[in-house]
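A.B. asks: Protein sequence lines, in the order shown, are assigned to chains A and B.
For reference, each letter of the first sequence is one residue, going 1 to 212 in the UniProt record's numbering.
For reference, each letter of the second sequence is one residue, going 1 to 212 in the UniProt record's numbering.
Quick caveat, the hints were computed from the structure, so don't treat them as lab data.
Keep in mind that the hints are not guaranteed to be accurate.
A pair counts as met if it fits within one copy or between any two copies, since identical chains are not told apart.
Said to hold, decoys possible - Below are the SDA-like pairs computed for lysine to any residue, each with C-alpha atoms no more than 25 Å apart in a straight line:
1. Lys84 x Asn190
2. Lys108 x Thr203
3. Lys108 x Met147
4. Lys21 x His39
5. Lys19 x His81
6. Lys108 x Gln204
7. Lys21 x Arg164
Number of protein chains: 2
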Amino acid sequence: MGNSVKKQVTDTSSGEREKTKDALLRVAIAAIEEVGESHVRLDDVLRDADASVSSLYHHYGNMRGLLDEAQLARFDSFTGHNIKTFHDAVLRVRNKDEFRELIDATVKDLFSRSRRENRATIMNAFGSIFTTPQYDERIVALERQNMEVLSAAIEHARSQGMTRSDLDVMSFSAWAMGLTFSRVIPDILNDEDIIDGWIEMTTQSVHHLLGL
Amino acid sequence: MGNSVKKQVTDTSSGEREKTKDALLRVAIAAIEEVGESHVRLDDVLRDADASVSSLYHHYGNMRGLLDEAQLARFDSFTGHNIKTFHDAVLRVRNKDEFRELIDATVKDLFSRSRRENRATIMNAFGSIFTTPQYDERIVALERQNMEVLSAAIEHARSQGMTRSDLDVMSFSAWAMGLTFSRVIPDILNDEDIIDGWIEMTTQSVHHLLGL
């Protein structure tokens, strides 16, 4: 079957197929975010993506494959984007005071109440693919990329004398990346004092570890 | 239907039904841990639990209800158990040095490489129920219980002068509970130096926040 499909491919149909592949992914992401992964229905996804069941199997193997891919995309769009933004901001910082201000603003923004849904998203995405070996590898690759960007930012600050000079940049970066997951605890406890207290604990720890 | 079932209940059949309910949960937990939630099959669960599909619907509403309940149980058995163990150990501590030793040993044990599977379990369990409103409430209740036990331990240490006197016990407890989730980052990066570095960062932060 793979052969006969390949023979029919022209530039146009190849473009169409890419569109169907993207549409399936986009619709699956939207469906997960609307009703939760376990309630996403195959028929609804196919209808909204204007796709056939055979094109779903062709591009993603099966429904599970599509859902895993959608979860990975959800995870990446949140974490990767925030780390790049922080990285670019660090490069613009001119001294230790400005670096400390950036750190405090980032902690307040990244761990704010308004990002609760984003955290639920990545927790859900991460949780559901964590036990799927082939996606584990993809997540590792994504997280290594994110770590490299974050480490580059922290290493820049260190080399400019804005952190303690003996900072273990890689370990700090991995430690800091984990905080998004930690923050889910005050999210679910949903207690104003605990949320403020958690942000205070995090700010104090980060200052201490960076030597700010 | 509910009525006719109720009329037949005797002490014996009520006991049988409890056994079926427990068996379904036990089998579902084992199946999730063996093949991953998304690959658990209804037929296999019913066969291994020696249960009928109507008893599954009676006790758990549907397969989704059973899986959510199983995930909740998996989550609780890990977190609740560790916090109780720590609590009991704190009550036996006699001075600040012993408290610091207990903290360091707990960090090393709880975040050791060998607990990787446990962390994957709770991440997976937490992730999959985080977006299900009725289970969100159950998780909140469980986490509040866990927080109360952990806070009681930390408050005991504080009242004995083994931590800084102005410690925000509740916020610290919520912050510390989140670390299990954070630790998943070095798990997936799977780099020996980063794992050691993460534990060092955590130990330093905890010492700093507790005033050890």
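A.B. asks: For each hint, tell me whether it holds in the structure or not.
C.D. replies: Hint check results:
1. Lys84 x Asn190: So lysine 84 and asparagine 190 pass the 25 Å test across copies only (23 Å; inside, 29 Å).
2. Lys108 x Thr203: Both, since 9 Å and 23 Å are each at most 25 Å.
3. Lys108 x Met147: both (20 Å within a copy, 23 Å between copies)
4. Lys21 x His39: For lysine 21 and histidine 39, the Cα distance is within 25 Å both inside one copy (21 Å) and across copies (24 Å).
5. Lys19 x His81: Classified as within: same-chain Cα gap 24 Å, cross-chain 50 Å, threshold 25 Å.
6. Lys108 x Gln204: For lysine 108 and glutamine 204, both the intra-copy (12 Å) and inter-copy (22 Å) Cα distances are at most 25 Å.
7. Lys21 x Arg164: neither (48 Å within a copy, 57 Å between copies)
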